[in-house]
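Protein chains: 2
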Amino acid sequence: MTTRQDCLALDARDELAPLRALFDLPDGVIYLDGNSLGALPRATAARVQQVATAEWGRDLIKSWNTAGWIDLPQRIGNKIASLLGAGPDELIVADSTSVNLFKALSAALDLAQRDTPGRKRIVSERFNFPTDLYIAESLARQRGFELVLAEADEIPALIDDRLAVLMLTHVNYRSGRMHRMEETNLAVHGAGALVVWDLAHSAGAVPVNLKGSGPRAGAADFAVGCGYKYLNGGPGAPAFVWVHPTITARMDAEQLWQPLSGWLGHAAPFQFTPDYHPAAGIGRFICGTPPVLSLAALECGVDTMLAAEAHGGQPALRRKSIALSELFIALVEARCTGHGLTLQTPRDAAQRGSQASFARADGGYPIMQALIARGVIGDFRAPDILRFGFTPLYTRFIDVWDAVEHLVQVLQTGEWRQARFNQRAAVT
Amino acid sequence: MTTRQDCLALDARDELAPLRALFDLPDGVIYLDGNSLGALPRATAARVQQVATAEWGRDLIKSWNTAGWIDLPQRIGNKIASLLGAGPDELIVADSTSVNLFKALSAALDLAQRDTPGRKRIVSERFNFPTDLYIAESLARQRGFELVLAEADEIPALIDDRLAVLMLTHVNYRSGRMHRMEETNLAVHGAGALVVWDLAHSAGAVPVNLKGSGPRAGAADFAVGCGYKYLNGGPGAPAFVWVHPTITARMDAEQLWQPLSGWLGHAAPFQFTPDYHPAAGIGRFICGTPPVLSLAALECGVDTMLAAEAHGGQPALRRKSIALSELFIALVEARCTGHGLTLQTPRDAAQRGSQASFARADGGYPIMQALIARGVIGDFRAPDILRFGFTPLYTRFIDVWDAVEHLVQVLQTGEWRQARFNQRAAVT
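Chains E and F, in that order, give the protein sequences.
No gaps in the numbering here: position 278 of the first sequence is 278 in my numbering, and each next residue is one more.
Just so we're on the same page, my numbering is the position in the second sequence counted from 1, plus 428.
Just so you know, not all the hints are guaranteed correct.
Pulled a few chain E residues facing chain F out of the computed Cβ check, cut under 8 angstroms [as the list claims (entries may be wrong)]: (1) L60; (2) G234; (3) P238; (4) R381; (5) A382.
FYI, nobody ran anything at the bench for these hints, they're computed from the structure.
Even glycine gets a Cβ: it sits at the ideal position worked out from N, Cα and C.
Model the full assembly from the supplied sequences, consistent with the hints where possible.
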């Protein structure tokens with residue numbers, strides 16, 4: 001059995017350990033909720049201050065050019081692309097994940113209507129993050145498609161000649177289960193359909209190779225993702241959208257739009273012409289003017305992630321992520337027996353994102369509240385999930401040990417039964 | 429003829445003069461581009477810093493509740509509503525102007541399809557800001573409507589029984605011409621149609637009374653607007669959307685959606701249910717997670733605008749705005765004769781926003797560049813418009829005098845003909 005001493009030793013030889021100093025982390029807190037809101041990089045506050053006072057305050061409107069504000073969506077997009085196996089100018093930062101999913105799924109449905117007009121099914125996972133389902137539900141209603149929801153295990157059987165678009169979140173927000181992306185892409189393309197991925201819990205957390213390791217059929221078609229989780233871009237940071245270059249080339253050739261045809265996605269926005277002509281490539285997936293302060297913070301977050309390249313990079317992050325979640329699961333299962341916690345996350349690390357979730361049929365919410373009161377911040381997802389996220393950039397092995405120790409104490413003392421933890425509050 | 433001395437005297441007795449101290453304005457700059465990007469309020473940088481370091485950095489995910497992040501879209505929305513003759517919980521901050529217009533126009537088309545199914549016309553102004561036209565073009569294509577564009581003068585004749593939705597920008601971004609909102613609403617409603625207003629160049633600049641002065645027929649149906657112009661919310665600040673409460677009540681009763689049905693517009697977002705049920709009222713018009721740093725900056729901008737309430741409020745702002753634009757027009761016309769500048773803005777102040785635009789068929793762009801090189805910042809709008817915005821919160825009469833003096837010198841010396849001003853650069 002691993003001891004606290006062992007955890008200190010693991011931290012001492014962790015090649016990624018120096019990266020923790022790139023974050024401003026509060027004292028007395030074990031933060032296991034970077035999959036909801038990533039922590040503050042040390043560089044961010046000063047950078048945002050510079051954007052506010054020097055670029056906006058002093059240089060005013062000129063900063064769109066002189067400070068490169070106009071280039072931020074593509075510049076940050078290219079940095080994120082480098083984390084996801086995508087090429088330059090294939091991915092752009094814009095809007096929110098929900099809005100980008102609307103654009104991507106709508107474009108996918110346009111292509112499906114052209115290529116496979118008889119197919120009316122959008123398939124997704126029943127426990128996909130709800131915003132994905134709500135957006136798909138809206139587009140299905142508008143466009144005469146049917147949204148078919150299934151358990152993760154049932155998805156492969158639904159990849160058939162009725163399928164127009166498969167829309168999945170790569171790592172499930174509740175269970176942490178990770179789909180096999182390339183295998184899924186091959187199956188979907190083999191069935192003549194399209195695939196849209198939501199990378200909200202993947203970007204910066206697990207290896208992603210959007211273009212696959214081999215032929216086009218193993219690559220994804222569309223992807224969207226979130227800036228404020230493992231990319232540490234700040235609360236509500238702008239999101240991103242990626243489209244395979246063969247698809248944007250086709251959209252160019254066939255003059256296809258995405259529906260949110262705002263002025264910054266125009267081929268020549270500063271010509272102010274009354275007719276819309278989409279920008280080439282991924283450029284058409286931007287819509288209105290982006291929030292620059294929030295973009296600047298996102299860039300700091302992405303740069304902090306890219307700093308890991310000098311410390312073993314994505315493979316090292318993945319190794320540590322797996323080690324952290326394995327340790328957490330092993331410690332909880334060894335030390336919390338008899339308290340009704342059931343692992344919801346796959347035991348096979350290859351099928352797991354960077355989190356561990358336990359269900360507890362009764363009292364999950366007050367247990368998380370009691371942990372938070374002790375400074376161990378994870379989160380609760382209705383109806384019964386205790387969720388713990390591991391961010392290898394700043395989570396230490398000792399944090400995992402101490403978090404489990406607190407959980408043991410919360411369960412053994414029964415302190416979670418106190419009235420103050422039983423009030424259901426708004427949870428985000 | 430007004431003299432420089434007269435301008436100093438006007439500033440000395442300006443009741444709004446103390447408000448200029450609420451802004452961080454750069455030395456040596458006369459900023460007449462607040463209608464493109466408003467200036468930095470003095471409170472903003474510190475507030476954004478607080479959000480980054482204390483709310484995000486120290487309190488992390490808890491700040492969604494403890495710092496009230498979750499309430500920001502409605503809280504700021506209510507403040508903006510108070511400037512526009514709208515009631516509480518009728519207006520919400522979200523996304524960009526373009527995205528909000530998509531939501532609002534789409535909802536308007538849904539209602540039109542129910543109430544007047546034979547009507548297929550969306551009417552707008554040919555020189556409306558392009559993003560509005562692009563979004564309308566997209567929705568018209570998708571939904572089987574026809575987008576009819578006309579000159580401002582031709583709009584009244586198009587309000588007839590073929591009209592489904594009239595979509596206008598209240599103050600035109602190029603000419604500064606202001607439509608008569610209440611009169612237009614009455615005509616549109618008399619014709620059995622709906623009206624959507626874009627307030628990008630109105631909010632914080634001119635009096636707006638969305639609910640009209642009398643019966644419902646004089647009120648607007650939908651409105652969207654921009655946070656980064658006269659509201660001084662910062663580059664790319666989030667935008668807003670307002671819907672008349674009789675319409676949101678109907679959307680509630682008939683379970684109507686707006687198409688961007690993201691999770692924060694759900695009736696119970698934290699229940700994480702797979703089916704979308706729109707929030708009541710304006711709440712359904714929010715979509716994904718909003719960018720908090722940019723929202724915090726927007727709130728500072730709106731608060732700075734609200735500070736004018738103690739100095740005469742909106743009527744005082746309007747009086748000063750008119751006085752500034754009248755003075756500018758009079759000085760340019762008196763002092764720049766023979767240089768080919770033609771006023772594009774209505775002479776009748778009642779039909780004018782808070783700007784003055786002059787066309788110059790040849791050389792408009794290098795003239796603006798020469799002015800900017802002298803520290804007089806206005807902007808150029810293709811193909812031939814020199815645009816000058818007046819922000820009564822911080823623009824002084826002496827600024828107007830000095831700006832015209834620079835313009836006279838640029839024209840008389842011919843310095844704008846120098847090669848360095850003839851390169852067409854990206855302009856925003």
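Here's how the hints hold up against the structure:
{"no.": "1", "hint": "L60", "in the structure": "holds (6 angstroms)"}
{"no.": "2", "hint": "G234", "in the structure": "holds (6 angstroms)"}
{"no.": "3", "hint": "P238", "in the structure": "holds (6 angstroms)"}
{"no.": "4", "hint": "R381", "in the structure": "holds (6 angstroms)"}
{"no.": "5", "hint": "A382", "in the structure": "holds (5 angstroms)"}
Every hint from the earlier list agrees with this structure, and none is contradicted.
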